[in-house]
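**Student:** So the protein sequences, as listed, match chains A and B. Going left to right, the first sequence walks through residues 1 to 249 as the numbering used here numbers them. Going left to right, the second sequence walks through residues 250 to 596 as the numbering used here numbers them.
Since the hints were made in silico from the structure, they are not lab data. Take these hints with a grain of salt, some might be off.
[Unchecked claim] In silico contact screen, one side only, chain B against chain A (beta carbon under 8 Å); selected entries:
#1 Tyr274
#2 Ala292
#3 Glu295
#4 Tyr548
#5 Gly553
#6 Gly569
[Said to hold, decoys possible] Heads up, incomplete: computed chain B residues facing chain A, CB under 8 Å, no partners named:
#7 Leu256
#8 Asp257
#9 Arg259
#10 Thr263
#11 Ala346
#12 Ala540
#13 Leu541
#14 Pro555
#15 Glu556
#16 Phe567
#17 Gln585
#18 Phe587
#19 Ala589
A virtual CB, placed ideally from N, CA and C, is assigned to each residue, including glycine.
Letter by letter, the chains look like this.
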Amino acid sequence: MLSIHNLHVAIGETEILKGLSLDVPAGEVHAVMGPNGAGKSTLSYTLAGRPGYEVTSGTATLDGEDLLALAPAARAAKGVFLSFQYPLEIPGVPAITFLRTAVNAQRKARGEPEMGAPEFLKTVRAKAAELKMDFDMLRRGLNVGFSGGEKKRMEILQMAMLAPRLLILDETDSGLDIDALRIVAEGVNAMRSPQRSMLVITHYQRLLDYIIPDRVHVLAGGRIVASGDADLARQLEREGYDRIVAEAA
Amino acid sequence: MNSALKLDLRDVSTFPTRRDEAWRYSDFRRAAPANIEVAPPMASPEPGGPFAGVNGDELTFANGRTAKGQAHAELLLEGGVQRLRFVTDANGAGWQAEVAVRVAAGAHVTLLETYEGDGGGYVASVHLSFGLEAGAILERIVLLAEPADAVSVSIADVALAPGASFAQTVVATGAKLQRHETTVLHPGQGADLRMDGVYLLGDVRHADLTTVVAHAGPGGKTSQLTKGLATDSARAVFQGRIVVERGADQTDARMRHDALLLSDRAEIDAKPELQINADNVSCAHGNTVGALDAAALFYIQSRGVPEAEAKALLTQAFVGEVLERIEHEGAREIVQAFVAERLGALM
Chain A
1 MLSIHNLHVA
11 IGETEILKGL
21 SLDVPAGEVH
31 AVMGPNGAGK
41 STLSYTLAGR
51 PGYEVTSGTA
61 TLDGEDLLAL
71 APAARAAKGV
81 FLSFQYPLEI
91 PGVPAITFLR
101 TAVNAQRKAR
111 GEPEMGAPEF
121 LKTVRAKAAE
131 LKMDFDMLRR
141 GLNVGFSGGE
151 KKRMEILQMA
161 MLAPRLLILD
171 ETDSGLDIDA
181 LRIVAEGVNA
191 MRSPQRSMLV
201 ITHYQRLLDY
211 IIPDRVHVLA
221 GGRIVASGDA
231 DLARQLEREG
241 YDRIVAEAA
Chain B
250 MNSALKLDLR
260 DVSTFPTRRD
270 EAWRYSDFRR
280 AAPANIEVAP
290 PMASPEPGGP
300 FAGVNGDELT
310 FANGRTAKGQ
320 AHAELLLEGG
330 VQRLRFVTDA
340 NGAGWQAEVA
350 VRVAAGAHVT
360 LLETYEGDGG
370 GYVASVHLSF
380 GLEAGAILER
390 IVLLAEPADA
400 VSVSIADVAL
410 APGASFAQTV
420 VATGAKLQRH
430 ETTVLHPGQG
440 ADLRMDGVYL
450 LGDVRHADLT
460 TVVAHAGPGG
470 KTSQLTKGLA
480 TDSARAVFQG
490 RIVVERGADQ
500 TDARMRHDAL
510 LLSDRAEIDA
520 KPELQINADN
530 VSCAHGNTVG
540 ALDAAALFYI
550 QSRGVPEAEA
560 KALLTQAFVG
570 EVLERIEHEG
580 AREIVQAFVA
590 ERLGALM
């Protein structure tokens with residue numbers, strides 16, 4: 001599924017990722033943990049194609065296809081979905097309009113027929129209800145006036161509608177209380193499937209109590225310095241990053 | 250207060266230049282030829298135009314002439330919807346027309362005014378006067394849809410009686426030079442004014458939205474919102490002046506202009522002005538020129554929406570705030586669709 005090899009990424013003159021390699025096979029959930037400034041957000045933005053993140057060498061492929069050569073929208077149509085740490089507010093674009101535009105843009109890019117209004121509305125209503133979202137909220141400007149929890153639920157709703165193959169969750173737990181965290185994690189877990197891979201990027205172990213990863217990687221200094229199973233996350237929580245990072249160095 | 254200019258296409262000495270303060274950013278004399286041939290008569294266009302979907306009466310000027318061959322008309326409006334169309338099909342020639350509109354006391358009227366151009370290099374000049382009697386309500390919606398090499402000037406003088414209400418939305422798409430000017434004499438005393446505008450400019454198009462509002466009596470309200478964008482090498486001009494004359498106390502006047510400058514070569518000249526000579530007034534103006542929010546643009550793209558479509562979505566949302574203020578629902582939907590289509594082509 002996702003294969004990253006010796007990835008170097010710079011923002012301006014500063015190199016942030018310094019030879020990162022990572023493989024996430026189909027159906028697996030991998031967590032990437034790391035201290036602040038390790039390059040976690042750079043990894044997620046680079047995979048999604050945000051301008052300003054310059055790949056100086058290395059590769060990232062999805063099912064063998066070069067992701068880095070594609071425009072952000074084309075990556076999304078191939079199945080990449082980044083759940084933002086801070087979802088943007090888009091005044092004047094109702095959430096429902098945004099969702100339908102995105103769903104149909106992806107379908108168009110893949111040569112599939114557009115989803116008609118009745119089918120779309122029926123699907124959105126059902127998925128919003130699963131996430132305990134008030135449907136009227138979707139008529140408002142996207143994320144405008146939404147609480148932190150509502151914004152994250154909106155991300156999960158987008159994810160559920162777009163059904164990506166590769167899910168990247170960037171610090172999804174930040175700003176969530178425990179109830180919101182549980183609902184969001186349930187939404188993510190409902191999407192686990194043998195055809196779908198997930199990259200869960202987080203600073204804290206807390207989220208991984210709800211979304212149990214198959215593998216845990218430690219990102220420090222722009223590289224993966226240690227990998228293990230879910231126990232590694234608990235060890236990090238107990239001992240902190242310093243020791244593992246020091247041992248790896 | 251009337252607009253100072255009496256443009257006569259037959260007399261080059263009446264052509265404004267950049268030395269005229271009100272025309273500093275729109276050099277008419279440079280844009281228009283000195284000797285403008287009179288545009289030939291053209292066949293009456295099919296009824297309808299952009300607002301065909303809205304029922305109502307229609308008055309059309311074709312190359313500056315009514316069906317009866319007149320270059321001027323008077324309209325007495327007592328209710329309903331009136332379409333007023335200025336249709337041009339001419340090359341390198343010009344026409345001018347005058348229209349006087351009176352809205353009867355207590356009448357509620359929607360005026361759908363369109364400038365529809367074919368051909369090229371033409372010069373068009375329209376002078377309108379509006380008189381709203383006591384308690385009359387007029388919503389004027391103007392669509393300027395002209396070819397890139399046209400020169401087009403539309404100047405309106407509006408006089409409101411006490412208790413009258415005038416609401417205007419102008420949508421400009423630019424031309425070689427496109428000037429839309431509105432001067433309102435506001436008596437206060439329960440009269441109400443909304444003056445809105447949208448401009449959507451690409452290529453080397455130029456649009457100039459100029460307004461003057463003179464509050465002459467106490468207790469008047471004015472709300473003005475103009476939003477627009479310029480990309481490529483386009484140039485937008487917004488000049489908004491609100492004058493609160495001595496004695497026009499308790500005037501409440503607000504003016505906003507927000508613009509997106511989407512290219513290094515585009516230019517936006519904004520000149521908002523408040524002149525206040527009265528006491529106890531509440532007046533404010535705001536003016537911003539910015540770029541599209543790069544983070545929002547990336548967010549939309551990351552969901553699979555291609556860049557051009559994402560820009561169209563954001564710009565549509567940006568100007569959408571103005572269009573939502575259009576009261577006539579059918580007309581509003583037509584204007585929204587017109588704007589969406591233009592933005593789709595521009596981005």
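**Student:** Return the status of the interface hint for Phe567 (chain B): holds when the least beta-carbon distance to chain A is below 8 Å, violated otherwise.
**Tutor:** Result: holds, 7 Å to nearest chain A Cβ.
**Student:** Please verify that hint: Gln585 (chain B), Cβ, nearest Cβ of chain A, below 8 Å or not.
**Tutor:** Result: violated, 12 Å to nearest chain A Cβ.
**Student:** Regarding the hint that Arg259 (chain B) lies at the interface with chain A, is the smallest CB-CB distance below 8 Å?
**Tutor:** violated, 46 Å
**Student:** Once the shortest beta carbon distance from Ala292 (chain B) to chain A is found, is it less than 8 Å?
**Tutor:** violated, 41 Å
**Student:** Does the interface hint hold: is Thr263 (chain B) within less than 8 Å of chain A, judged Cβ to Cβ?
**Tutor:** violated, 42 Å
**Student:** Just to be careful: measuring from the Cβ of Asp257 (chain B) to every Cβ in chain A, is the smallest value less than 8 Å?
**Tutor:** Constraint on Asp257 (chain B) not satisfied, violated at 43 Å.
**Student:** Could you check if Ala540 (chain B) really has its C-beta closer than 8 Å to a C-beta on chain A?
**Tutor:** violated, 13 Å
**Student:** Given Ala589 (chain B) was flagged as interface, is its beta-carbon under 8 Å from a beta-carbon of chain A?
**Tutor:** Since the shortest Cβ distance to chain A is 11 Å, the answer is violated.
**Student:** Given Glu556 (chain B) was flagged as interface, is its beta-carbon under 8 Å from a beta-carbon of chain A?
**Tutor:** holds, 7 Å
**Student:** Min Cβ distance, Pro555 (chain B) to chain A: is it shorter than 8 Å?
**Tutor:** holds, 4 Å
**Student:** Taking the least C-beta to C-beta distance, is Gly569 (chain B) closer than 8 Å to chain A?
**Tutor:** Constraint on Gly569 (chain B) satisfied, holds at 5 Å.
**Student:** Tell me if Tyr274 (chain B) is really an interface residue toward chain A, meaning its C-beta lies closer than 8 Å to one of theirs.
**Tutor:** violated, 28 Å
When held up to the earlier numbered hints, the structure conflicts with 1, 2, 3, 7, 8, 9, 10, 11, 12, 13, 17, 18, 19 and fits the remainder.
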